[in-house]
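> In the order they appear, the protein sequences are chains S and D.
Heads up, the first sequence is in this note's numbering, so the first residue is 558 and it goes up one at a time.
Heads up, the second sequence is in this note's numbering, so the first residue is 558 and it goes up one at a time.
Note that these hints are calculated values from the structure, not bench results.
From the three backbone atoms N, C-alpha and C, an ideal C-beta is built for every residue, glycine too.
Some hints could be false.
Stated by the list, open to error - Here are the in silico distance ranges between beta carbons for each label pair:
(1) Gly717(D) with Gln623(S): 17 to 27 Å
(2) Arg762(D) with Glu680(S): 40 to 50 Å
(3) Asp644(D) with Tyr790(S): 16 to 26 Å
Next come the chains, spelled out residue by residue.
Protein chains: 2
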Amino acid sequence: MRYELYYWPRIQGRGEFVRLALEDAGADYTDVAREPGGMDVMMELLCSRTSPKPPFAPPFLRAGRQLIGQTALILDYLGRHHGLAPDSESGRIWALQLQLTIADFVVEIHDTHHPVGAGFYYEEQRAEAAKRSRYFLDQRLPKFLGWFEQVIEDNPAASGCAVGRRVTHVDLSLFQIVEGLRYAFPRAMTRREPQLPRLLALRERVARRPGIAAYLSSPRRIPFDEAGIFRRYPELDRFEA
Amino acid sequence: MRYELYYWPRIQGRGEFVRLALEDAGADYTDVAREPGGMDVMMELLCSRTSPKPPFAPPFLRAGRQLIGQTALILDYLGRHHGLAPDSESGRIWALQLQLTIADFVVEIHDTHHPVGAGFYYEEQRAEAAKRSRYFLDQRLPKFLGWFEQVIEDNPAASGCAVGRRVTHVDLSLFQIVEGLRYAFPRAMTRREPQLPRLLALRERVARRPGIAAYLSSPRRIPFDEAGIFRRYPELDRFEA
């Protein structure tokens, strides 16, 4: 089956978590909005009232007759069909729970530069962004990253992965989180990384996987920039602790 | 099986979406942190490194040997075990997708009064909150509510519910969304409601369900106040359109 991924064509954004899973799995897919005329197709679909009904927002995935929205749910689906999710029901629920916690983290990362709302430019909310980023770097980033470090440490399988014995969609997403935070907050991450040995080892391991390594060195990998979730504004990379 | 719900004892918050499902289902449950000494039990569990590992944050549910975090995932679980989810796999995924879209909406509702971060009091971010609320009421509230109105309208089963022929956890959560928004933004909702006939009819229908009606008139239902997600700050209930 050929999947169709629908996401904004010029940014990594939330779609990147899905791209990483598709690429790692070697899945056959079209990144629709990056094809000629594809953006029109996506916008038409988003506004349509067909059945199955299109999701509230990108990313979404067409898998046969299904149209699946919400990043975590897409990853749960791809995980189950491509050996990137635990086999047991309880393992699968735990993986999805971790993926949803990553989604919460992503909202907070995004909101460091857009606390007043995505409808305003960053330049219109620089003061608020500085305040929110300081709080984020002092309180939230250590809490989230420390918790994921513990998740890996406390995994009963002691595999170095977040869940079970094998790499899952959760590990691929944690790779992207580390990459993105290193891009956006290099000072804060340099300070924090010595406390995250397991998360960083996992990041290395994911980067070496054949599908991921090939993808990262291909033109399909869009570089980080100041239009996505992870943005490098040096004035926001300031913290107390 | 007796469930254990873990959530902050004095607010509705995200836990309320779970309480509504448990009450509608007539499930046997303890709201642990509302029992004497229960708050200590919850905090100890949150900081513990037992297996299964506790979630990142409340609410979470103990169901036998499972510990499930993330509101949407708890509702998917309860839905499947208490006739509050569609029977088909694709229906269940759609319901979970809708529930995750509600979760996204809840983040935006919360952030109207806390745009700079949950670590600061509202009084410390009133100016930013006014800016964000205006944007929320003009752009985001109509977009989310209009989309859910369409979901009900486009449901192929034409049942008046969001998914399939029967009431699901999604409908219970949409009830709470309407209740909360009416509390927090009465002016904006009065203006918007004529365009939401299906959503309001669904709200009435849910309110009349025996489990819900009994719960709402019981002391177990915590009133809305200015400590939860939906807060009434009249200065934020201002909009253009």
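> Against each hint, give a clear statement of whether it holds in the structure.
Now for the hints, and whether the structure bears them out:
The hint said 17 to 27 Å for the Cβ distance between glycine 717(D) and glutamine 623(S), and at roughly 24 Å that hint holds. For arginine 762(D) paired with glutamate 680(S), a C-beta distance near 47 Å keeps the hint of 40 to 50 Å intact. For aspartate 644(D) and tyrosine 790(S), the hinted distance range of 16 to 26 Å is not satisfied, since their beta carbons lie about 49 Å from each other.
Checked against the numbered hints above, the structure breaks only hint 3 and satisfies the rest.
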